[in-house]
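S.K.: Take 2 as the starting number for the sequence shown in this note's numbering and just add one per residue.
Hints were generated in silico from the structure; no laboratory data involved. Take the hints with a grain of salt, since some may be wrong.
Cβ pair distances, simulated, as ranges [claimed, not checked]:
| # | residue 1 | residue 2 | range |
| --- | --- | --- | --- |
| 1 | Pro19 | Gln101 | 36 to 46 Å |
| 2 | Ser12 | Arg77 | 18 to 28 Å |
| 3 | Lys11 | Gln101 | 15 to 25 Å |
| 4 | Glu20 | Arg77 | 17 to 27 Å |
| 5 | Leu58 | Arg100 | 17 to 27 Å |
| 6 | Arg97 | Arg22 | 32 to 42 Å |
| 7 | Thr91 | Phe60 | 39 to 49 Å |
| 8 | Gly8 | Gln101 | 13 to 23 Å |
Think of the CB as a built atom: it goes at the ideal place given N, C-alpha and C, for glycine as much as any other residue.
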Amino acid sequence: SMMERLGGYKSILDVLTPEERADPQLLLAEDEDARGRVARVATDLGRAETVVDQFLLEFRTMRKMLTKLSSKNMDRTTTEMALERAEELTKGKSRRMRRQVKGSTRGKKAEWLSM
């Protein structure tokens, strides 16, 4: 549920150092130092690194979304965001999987737009 997810996010944020909270790029960078920080957060949290990686993926997505929401063409923005999210989710996956995901997001609007 949403409350469980928010609780999980709060747990992750509680484990971060003040330096990491002030500069998320310390965790988002794709270098060994960032991977070490992710591993430490996961260990301190008592969860798998994939939980922290998922949190960081959602953080990146939200940051991009908030940046792009200032644009005037919402349909195009949401389509682009859906494609970017699909690309992030399929990074390192097979060509067939990437095409399948990309094809399933073409021309679709985000669910929240129909609410």
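S.K.: If a hint holds in the structure, say so; if it does not, say that too.
M.R.: Verification of the supplied hints:
1. Pro19 x Gln101: 36 to 46 Å: 42 Å, holds
2. Ser12 x Arg77: 18 to 28 Å: 36 Å, violated
3. Lys11 x Gln101: 15 to 25 Å: 35 Å, violated
4. Glu20 x Arg77: 17 to 27 Å: Cβ of Glu20 to Cβ of Arg77: about 37 Å, so the range 17 to 27 Å is violated.
5. Leu58 x Arg100: 17 to 27 Å: 21 Å, holds
6. Arg97 x Arg22: 32 to 42 Å: Given range 32 to 42 Å: holds, Cβ gap about 40 Å.
7. Thr91 x Phe60: 39 to 49 Å: Violated: the Cβ-Cβ distance is about 19 Å, outside 39 to 49 Å.
8. Gly8 x Gln101: 13 to 23 Å: 33 Å, violated
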